[in-house]
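> Sequence:
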Amino acid sequence: MNKIFKVIWNPATGNFTVASETAKGRGKKSGRRKLLVSALVAGGLMSSFGASASVSLDGGTYSDGTELTDAWIAIGKGAKASSVGGSTASISIGVNAISAVGATAVGYDSHATGQSSVSMGQLSTAAGSRGVAIGSGASAAGDYTVALAVGSSASGESAVAIGQGSAAQKKGSVALGHKASSSGEKSVALGASSKATGDDSLALGRNALGNGTGSIAMGAESEANGLYSLAFGANSIADADNTVALGYGASATKAGAMVFGQAGKADGLNSIALGNKSQASSENSIAIGQESYSGSEKSIAIGSLSNVTGVNSVALGTESTAAEDNTVSVGNDTLQRKIVHMAKGDISSTSTDAINGSQLYDISKSVADRLGGGASVSTAGVVNAPNYKLQSGNFNNVGDALKGIDDNTLQWDSLKKVYSAEHGSDATSTITNVKDGALSASSTDAVNGSQLKTTNDNVATNTTNITNLTGDVANNTTNITNLTNDVAANTTSITNLTDTV
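All residue numbers for the sequence shown refer to full-length UniProt numbering, where the first residue is 1 and numbers rise by one.
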């Protein structure tokens, strides 16, 4: 038989007929169609009209198949089309093409061995039930899988691999792109050389890696390596469990860490970095603002270029620094800021509250009022000095005023146990304006000069009176003496009188 042939449908005989390439069917069909197109049309006609026929072509040799209850087509050297139970048809087109029940294999050494599967392309294989492998070397090994493109492979149940060298290896996985790979269950890899290895992971972008379970990597060269981690942006890395890295080159390396911003870093456990090139490097640290840095445990830096190195410290505002532990800073050595609109803090022996300006003013005014001497409070909160006017001079502070008073007061002499009126270079001094003290047997009051003068006057009067009294006594003594003499004379006279009598 002529080696140049084609297959046409013969309505008179009810089957396909091999004819010369130049022959025309009913005078309406083009003789230039290729063998593959003719075979596919034939298969379509058989399916549409329910024809009960079989065709086998081997190297151009046509044999009329035995009429069966099903329909199958095998075209090509070594091609095999099988049927089980007489229920469905199969198609094998190409050298060594093999198709299972209801399957279609098209291409050199293509194998559609899964039920109702489709394998198109040389060396393509559709081994899973209802799998589809299209492309040279494509493989749909799992049930309900799809592999499209040269060298693509869908081996997990319901997996989809689209793109040269793409591979979807686990159940429900999807790999889309040149050499994209999804090896975790229900994982998705989209992009050239992207890889989704964790279950339920997503890798989107060139060389993106979704390695952790439930992880998402989006962006060229992005990596989500931890469980339930998220890396979004080219070259971003979410390296530990439950981490988030958003931004070009962003990196979250410890569990629970989050970073948002270009080249930001969250390297501490549960740390947060927000802003381009921000960095939170210690456990529970927070850095917010461009190039902000929080480098100690439980520290917080808020503001661009803010910097905290003290443990449990806070820096608030652009370029603020907090270098000591347990401190709050709103500036630096050369930049200071006000804290405004702050409520009044409690003032007590146990209070640790901050106090505001009005409270400080009240305290300063209270001090000024108690100082007296014209003391006042300035708008800066400074207590203006008082002015004490003393006999010894004018003084603007309590210490000098007291010293001025001390110089003009009685001083206690602890050695002599007495008060001394010594003043300056004067060994003795006069005490004036002393009030009359009480004069009694039990009085301890000091007495003044007038009291002493009265006493002295009384003493002088008493002295004169005593002197006069002394003269009177002397006179009385003389008189008494004279009287005694008179009595003696009288006695003598009486004696003489007696003698006379």
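For the record, the hints were derived by calculation from the structure and aren't laboratory data. There may be inaccurate statements among the hints.
[Said to hold, decoys possible] Computed cross-link-like contacts, SDA-like style, restricted to lysine to any residue with a CA-CA straight-line distance of at most 20 Å:
hint: 1; residue 1: 389; residue 2: 379
hint: 2; residue 1: 338; residue 2: 370
hint: 3; residue 1: 298; residue 2: 338
hint: 4; residue 1: 365; residue 2: 336
hint: 5; residue 1: 186; residue 2: 199
hint: 6; residue 1: 338; residue 2: 386
hint: 7; residue 1: 365; residue 2: 350
hint: 8; residue 1: 77; residue 2: 130
hint: 9; residue 1: 453; residue 2: 475
hint: 10; residue 1: 171; residue 2: 144
hint: 11; residue 1: 453; residue 2: 438
hint: 12; residue 1: 365; residue 2: 330
hint: 13; residue 1: 298; residue 2: 317
hint: 14; residue 1: 453; residue 2: 464
hint: 15; residue 1: 389; residue 2: 417
hint: 16; residue 1: 338; residue 2: 327
hint: 17; residue 1: 365; residue 2: 390
hint: 18; residue 1: 171; residue 2: 158
hint: 19; residue 1: 365; residue 2: 331
hint: 20; residue 1: 417; residue 2: 431
hint: 21; residue 1: 77; residue 2: 165
hint: 22; residue 1: 179; residue 2: 220
hint: 23; residue 1: 365; residue 2: 382
hint: 24; residue 1: 344; residue 2: 356
hint: 25; residue 1: 365; residue 2: 381
hint: 26; residue 1: 254; residue 2: 269
hint: 27; residue 1: 298; residue 2: 328
hint: 28; residue 1: 344; residue 2: 370
hint: 29; residue 1: 344; residue 2: 323
hint: 30; residue 1: 417; residue 2: 386
hint: 31; residue 1: 186; residue 2: 143
[What the hints assert, rightly or not] For each label pair, taking beta carbons as the anchor points, the in silico distance ranges come out as:
hint: 32; residue 1: 481; residue 2: 419; range: 23 to 29 Å
hint: 33; residue 1: 340; residue 2: 411; range: 36 to 42 Å
hint: 34; residue 1: 334; residue 2: 393; range: 41 to 47 Å
hint: 35; residue 1: 442; residue 2: 419; range: 18 to 24 Å
hint: 36; residue 1: 363; residue 2: 336; range: 53 to 59 Å
hint: 37; residue 1: 440; residue 2: 383; range: 25 to 31 Å
Every residue gets a Cβ at the ideal spot worked out from N, C-alpha and C, and that includes glycine.
> Each hint should be assessed against the structure and marked as holding or not.
Here is what the structure says about each hint:
For the suggested pair residue 389 and residue 379, the alpha carbons sit about 26 Å apart, so the restraint of at most 20 Å is broken. A hinted pair counts as satisfied when its Cα atoms are at most 20 Å apart, and residue 338 with residue 370 does not qualify at roughly 30 Å. Annotation: proposed proximity of residue 298 to residue 338 is violated, straight-line Cα distance about 24 Å (limit 20 Å). Between the alpha carbons of residue 365 and residue 336 the distance comes to roughly 26 Å, so the proposed pair goes past 20 Å and is violated.
Note on residue 186 and residue 199: the hinted pairing holds, with a Cα-Cα distance of about 6 Å set against a maximum of 20 Å. Only pairs whose Cα atoms come within 20 Å are accepted, and residue 338 paired with residue 386 is rejected, the gap being roughly 30 Å. For the given pair, residue 365 sits about 23 Å from residue 350 by alpha-carbon distance, which is inconsistent with the 20 Å threshold. With a C-alpha separation of about 25 Å, the suggested pairing of residue 77 with residue 130 is violated against the 20 Å cut-off.
Our distance criterion of 20 Å between C-alpha atoms is broken by residue 453 and residue 475, whose separation comes to about 33 Å. Using a Cα cut-off of 20 Å, the hinted pair residue 171 and residue 144 holds, with the two alpha carbons roughly 10 Å apart. This hinted pair checks out: residue 453 and residue 438 have alpha carbons roughly 15 Å apart, not beyond 20 Å. Restraint check: the Cα-Cα separation between residue 365 and residue 330 comes to about 28 Å, which exceeds 20 Å; the hinted pair is violated.
A threshold of 20 Å between alpha carbons decides the hint, and for residue 298 with residue 317 the separation of about 18 Å falls inside it, so the pair holds. Taking the CA atoms of residue 453 and residue 464, the gap is near 16 Å; set against the 20 Å cutoff, the hint holds. Annotation: proposed proximity of residue 389 to residue 417 is violated, straight-line Cα distance about 32 Å (limit 20 Å). Pair hint residue 338 plus residue 327 holds up; C-alpha atoms about 16 Å apart against a cutoff of 20 Å.
As the CA atoms of residue 365 and residue 390 are separated by approximately 24 Å, the hinted pair breaks the 20 Å bound. For the hint linking residue 171 to residue 158, the alpha-carbon distance of about 6 Å falls within 20 Å, and the restraint holds. About 29 Å separates the Cα atoms of residue 365 and residue 331, which puts this hinted pair outside 20 Å; it is violated. Distance check on the hinted pair: residue 417 and residue 431 sit about 18 Å apart at the alpha-carbon level, within 20 Å; holds.
With a CA separation close to 29 Å, the supplied pair residue 77 and residue 165 exceeds the 20 Å bound. Using a Cα cut-off of 20 Å, the hinted pair residue 179 and residue 220 holds, with the two alpha carbons roughly 14 Å apart. Annotation: proposed proximity of residue 365 to residue 382 holds, straight-line Cα distance about 9 Å (limit 20 Å). Pair hint residue 344 plus residue 356 holds up; C-alpha atoms about 6 Å apart against a cutoff of 20 Å.
Between residue 365 and residue 381 the CA atoms are separated by roughly 9 Å; this keeps the pair inside 20 Å, and the hint holds. Restraint check: the Cα-Cα separation between residue 254 and residue 269 comes to about 5 Å, which is no more than 20 Å; the hinted pair holds. Between residue 298 and residue 328, the direct Cα distance comes to roughly 12 Å. Compliance with the 20 Å bound is thereby established for this hinted pair. With a C-alpha separation of about 23 Å, the suggested pair residue 344 and residue 370 falls outside the 20 Å cut-off, and the hint is violated.
Taking the CA atoms of residue 344 and residue 323, the gap is near 27 Å; set against the 20 Å cutoff, the hint is violated. With a C-alpha separation of about 36 Å, the suggested pairing of residue 417 with residue 386 is violated against the 20 Å cut-off. Restraint check for residue 186 and residue 143: the C-alpha separation of about 15 Å stays at or below 20 Å, so the hint holds. Checking the proposed 23 to 29 Å range against residue 481 and residue 419 shows it is violated: the Cβ atoms sit about 57 Å from each other.
Distance hint check for residue 340 and residue 411: the Cβ-Cβ separation is about 53 Å, which falls outside the suggested range of 36 to 42 Å. Between residue 334 and residue 393, the C-beta spacing of about 44 Å keeps the proposed range 41 to 47 Å intact. Checked against the hint of 18 to 24 Å, the C-beta distance between residue 442 and residue 419 comes to roughly 21 Å, which is consistent with it. Between residue 363 and residue 336 the beta carbon distance is about 22 Å. The supplied range of 53 to 59 Å is therefore violated.
For residue 440 paired with residue 383, a C-beta distance near 49 Å fails the hint of 25 to 31 Å.
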